[in-house]
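Asker: These protein sequence lines are chains A and B, in that order.
Numbering-wise (our numbering), the first sequence opens with residue 1 and increments by one.
Numbering-wise (our numbering), the second sequence opens with residue 366 and increments by one.
Calculated directly from the structure, the hints in this document are not laboratory data.
Be aware that a few hints might be false.
Unchecked claim - Okay, derived cross-link-like pairs now, DSSO-like style, lysine-lysine, Cα gap no bigger than 27 Å in a straight line:
(1) A:Lys251 with B:Lys492
(2) B:Lys492 with A:Lys16
(3) B:Lys502 with A:Lys16
(4) A:Lys224 with B:Lys492
(5) B:Lys492 with B:Lys502
(6) B:Lys492 with B:Lys476
(7) A:Lys25 with A:Lys251
(8) B:Lys736 with A:Lys251
(9) B:Lys604 with A:Lys250
Unchecked claim - Where chain B lies over chain A, by a calculated footprint (3+ residues, C-beta under 8 Å):
(10) 134 to 145
(11) 218 to 228
Computed from a prediction, not measured in an experiment: that's the story for all the values here.
In this text, a Cβ means the ideal position worked out from N, Cα and C, and glycines have one as well.
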Amino acid sequence: MAKTEKTLAPLVHIVKRDPGSVTWKYRLLVRAIAVLAALLLSGILITLLTKKNPLAVYGSMVSGVFGSPRRIWNMLQGVAMLLCVSLAVTPAFKMKFWNIGAEGQVLISGLACVATMMFLGSALPTGLLILVMVAVSILAGTIWAVLPAIFKAYWNTNETLFTLMMNYVATQLVDYFLKVFVKDGSGVLTPMPQFGLPVIGNQAYLLNVLIVAVVTVLAYIYLKYSKQGYEISVVGESENTARYIGINVKKVIIRTMLLSGAICGLAGLLLVGGTNHTISTTTAGGRGFTAIMVSWLGKFDPLYMVLTSFLLVFLDQGAQQVSTDFRISSSISDIVIGIILLFIIGCEFFLQYRVVTRKNRKENV
Amino acid sequence: MAKPIALECRGITKTFGRVVANKNCDLEVYHGEILAILGENGSGKTTLMNMVAGIYFPDEGRIFINGEEVTIASPKDAFAYKIGMIHQHFKLVDLFSATENIILGLEEQKKYNLKVAEEKVDEICHKYGFEIDPRKKIYNMSVSEKQTVEIIKVLYRGADILILDEPTAVLTPQETQKLFAVLRRMRDDGKCIIIITHKLHEVLSLSGRVTVLRKGEYIGTVNTAETTESQLTEMMVGKKITLNIDRAEPQNVTDRLEVQHISSVDALGNTVLDDISFTARSGEILGIAGIAGSGQREMLEAIAGLHHLTGGDIYYHNPKTGQIDDLRNKTPIQIRDLGVRLSFVPEDRLGMGLVGNMDIVDNMMLRSYRKGRGMFLHRREPKDLAEHIIHDLQVVTPGASTPVRHLSGGNVQKVLVGREIAASPTVLMAAYPVRGLDVNASYTIYNLLNQQKERGTAVIFVGEDLDVLLELCDRIMVINGGRIAGIVDGRTARKDEIGLLMTKSQEKEDALHGEN
Numbered sequence: 001m002a003k004t005e006k007t008l009a010p011l012v013h014i015v016k017r018d019p020g021s022v023t024w025k026y027r028l029l030v031r032a033i034a035v036l037a038a039l040l041l042s043g044i045l046i047t048l049l050t051k052k053n054p055l056a057v058y059g060s061m062v063s064g065v066f067g068s069p070r071r072i073w074n075m076l077q078g079v080a081m082l083l084c085v086s087l088a089v090t091p092a093f094k095m096k097f098w099n100i101g102a103e104g105q106v107l108i109s110g111l112a113c114v115a116t117m118m119f120l121g122s123a124l125p126t127g128l129l130i131l132v133m134v135a136v137s138i139l140a141g142t143i144w145a146v147l148p149a150i151f152k153a154y155w156n157t158n159e160t161l162f163t164l165m166m167n168y169v170a171t172q173l174v175d176y177f178l179k180v181f182v183k184d185g186s187g188v189l190t191p192m193p194q195f196g197l198p199v200i201g202n203q204a205y206l207l208n209v210l211i212v213a214v215v216t217v218l219a220y221i222y223l224k225y226s227k228q229g230y231e232i233s234v235v236g237e238s239e240n241t242a243r244y245i246g247i248n249v250k251k252v253i254i255r256t257m258l259l260s261g262a263i264c265g266l267a268g269l270l271l272v273g274g275t276n277h278t279i280s281t282t283t284a285g286g287r288g289f290t291a292i293m294v295s296w297l298g299k300f301d302p303l304y305m306v307l308t309s310f311l312l313v314f315l316d317q318g319a320q321q322v323s324t325d326f327r328i329s330s331s332i333s334d335i336v337i338g339i340i341l342l343f344i345i346g347c348e349f350f351l352q353y354r355v356v357t358r359k360n361r362k363e364n365v
Numbered sequence: 366m367a368k369p370i371a372l373e374c375r376g377i378t379k380t381f382g383r384v385v386a387n388k389n390c391d392l393e394v395y396h397g398e399i400l401a402i403l404g405e406n407g408s409g410k411t412t413l414m415n416m417v418a419g420i421y422f423p424d425e426g427r428i429f430i431n432g433e434e435v436t437i438a439s440p441k442d443a444f445a446y447k448i449g450m451i452h453q454h455f456k457l458v459d460l461f462s463a464t465e466n467i468i469l470g471l472e473e474q475k476k477y478n479l480k481v482a483e484e485k486v487d488e489i490c491h492k493y494g495f496e497i498d499p500r501k502k503i504y505n506m507s508v509s510e511k512q513t514v515e516i517i518k519v520l521y522r523g524a525d526i527l528i529l530d531e532p533t534a535v536l537t538p539q540e541t542q543k544l545f546a547v548l549r550r551m552r553d554d555g556k557c558i559i560i561i562t563h564k565l566h567e568v569l570s571l572s573g574r575v576t577v578l579r580k581g582e583y584i585g586t587v588n589t590a591e592t593t594e595s596q597l598t599e600m601m602v603g604k605k606i607t608l609n610i611d612r613a614e615p616q617n618v619t620d621r622l623e624v625q626h627i628s629s630v631d632a633l634g635n636t637v638l639d640d641i642s643f644t645a646r647s648g649e650i651l652g653i654a655g656i657a658g659s660g661q662r663e664m665l666e667a668i669a670g671l672h673h674l675t676g677g678d679i680y681y682h683n684p685k686t687g688q689i690d691d692l693r694n695k696t697p698i699q700i701r702d703l704g705v706r707l708s709f710v711p712e713d714r715l716g717m718g719l720v721g722n723m724d725i726v727d728n729m730m731l732r733s734y735r736k737g738r739g740m741f742l743h744r745r746e747p748k749d750l751a752e753h754i755i756h757d758l759q760v761v762t763p764g765a766s767t768p769v770r771h772l773s774g775g776n777v778q779k780v781l782v783g784r785e786i787a788a789s790p791t792v793l794m795a796a797y798p799v800r801g802l803d804v805n806a807s808y809t810i811y812n813l814l815n816q817q818k819e820r821g822t823a824v825i826f827v828g829e830d831l832d833v834l835l836e837l838c839d840r841i842m843v844i845n846g847g848r849i850a851g852i853v854d855g856r857t858a859r860k861d862e863i864g865l866l867m868t869k870s871q872e873k874e875d876a877l878h879g880e881n
């Protein structure tokens, strides 16, 4: 027949992996390589751009997170707060309800909390004050979350736009509050630690960390073992299936967003009542959006999300240290964070697909 | 025969991950010939042809066109070699006319001229006997017309080698005959036609030769004139099997579900169900025949409490209490709370009946997760049920904790039907339960339906293969445009009679009613 091999395969092509064939060892290996490659590439960039020793830069990053007990506590607080907001958005995301309004939900509950402290702080006994703070914070968060849910359930409005716009409303309300009630006109509210949540074990952040740890475990159990968690998964996977087995989809959407908003309310309470004792428009600190990444990276599993929120907090806090230590622009740190995240997310591709080159292919044959 | 060879494949192999779709497949087709590629679902027929059409690229093997070795790396390459494939799922733009769809994507140097194109389409229609208005919009077309547009599309591009993937799956017997006549005319014109199918009678009536694939492997090629149905089946399945469905005489027949004058409209206000009345009886299989989209789905969903009715009633005769309950516009939960043991195998298995990303155990719970006290799930029983079904129905799966979307179509269906039957229903509704299943799995499902009938369940079976409906059902109700076109006896009815009921237009029917 034909003398020469005329049939040429495409240079590379992509083959889907059999999901069962990927072992955990391989997963670990791919991810480790991704992190190393990211560090290597960032190192080269750092050397080229700043002429600093990349190893020293990475060292400063680690020391920025673990260098002293204070830094470790800062890290724990950061992880706890980010994780708390991430736990809030996760049930909604599992239901494929794209709640990007956690920022506003946290902020509005912080506002409710700070208003309680300001106006009722001296009027109520401590125990009662704390109860009221908890109640109003959680209530504010749920109201902010349930409004888009009701509109989605009954009129099928777009929840992404709705929750996003609620963020601006919350920010403006906080701004308005500060303009009206800060008497000196500076717009900065003096902290009121005397009306804050109790401090336990002499550690300002310990209460926050413990509460979030408990919420994490509860969220894990709720999503995995409760009937309501099961309903959330079914609604998220297919509304048709949910209808078919008689789940009231409207009810599940509203109930889940009540829960989501309540946890955001808790985050607002811990941030304002337990940490800052004051409020500004940046109190939520972008956590409402970072939480989306934590939740997705953690595959909506609260236990994995502990790791992913640690990763993000580590990168952020470490990068700040690098900026201080080397007096380099924080943009460099942002670049490094970007590269590391890109590699970590990008390596998922190699866990799901295999790249076969033309040469490789012949060897297989 | 001195006919020139048009297409030749040698040693084609293609794998997807661990799955071997084609292994060392050979094929040759001549000009002026109709070749049937026969095989069960999943035997690699479509994959093999997709490689010829440039959709996939083979891992190994060579393809020759008119004796010359070629590389087909894209559908564009395939067109350059005058190969055209008509896929099972049409790829047409609904808002465009027939001609606009036909010339879509052509890279012609000349100015865009719809008139010239329409004339050319007319010419092709005339030559081969297609009946189509080149200016008709796709959304106004029947399935058969859409298919015609797809065929003209490849002819317009000058295809000499036409590949049709399961072209009759969506057609009525009459439309099938029309299509076959056109295909024969094209064959006589010297075109090379490859038709992918798993229906034996079509192979025998249309093709000159048959190539059989089984589990991705090339089994052999035989001349149609020298073969028999049973030889082909044996080649296809790998062993001698008797393809007979045992139809027992119905026992203890009593009315179970009485549907009276139900009607409904869709979101746009179009009539979907129009005054449908029938009775499903225990110990009997009631078949529902009709062109896809004639209201079958809405009818079953209305009974299951998922489709809102504007009129009519659905009465359930409870065998335990003797009570008669109206199920009209009740929710699935209300229906269950009335003590109605209604099981429903919906058409959309992974989109409605099951959750693809959940494992078998969690899918077993879908119907029953509310059971048991407290706010937590009880996975013990569903797990036992999953193990039980995997064992009894021979579900091929690594285990009960495998997500169902990783299973093959037949195994997915066994899981779904197994779960629905496990609830020991008094009414069992199944919509296209064997669609996409291989012969063995199909007969497993038919057996399960028959067992249900024998234990006194009222079975409602919506099917598309008229031969099966005629073999399996005690009565067959034909539904046409949301109306009942007739209810016939499954033992005495003829296929063409049902085909006629499926297609005859409403006006004629009204006239008939007038005469009566």
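Asker: Could you run down the list of hints and mark each one as holding or not?
Answerer: Hint by hint, here is what the structure shows:
no.: 1; hint: A:Lys251 with B:Lys492; result: 60 Å, violated
no.: 2; hint: B:Lys492 with A:Lys16; result: 45 Å, violated
no.: 3; hint: B:Lys502 with A:Lys16; result: 38 Å, violated
no.: 4; hint: A:Lys224 with B:Lys492; result: 64 Å, violated
no.: 5; hint: B:Lys492 with B:Lys502; result: 22 Å, holds
no.: 6; hint: B:Lys492 with B:Lys476; result: 26 Å, holds
no.: 7; hint: A:Lys25 with A:Lys251; result: 42 Å, violated
no.: 8; hint: B:Lys736 with A:Lys251; result: 19 Å, holds
no.: 9; hint: B:Lys604 with A:Lys250; result: 52 Å, violated
no.: 10; hint: 134 to 145; result: violated (count 0)
no.: 11; hint: 218 to 228; result: holds (count 4)
When the structure is compared with the earlier hints, violations turn up for hints 1, 2, 3, 4, 7, 9, 10 and for no others.
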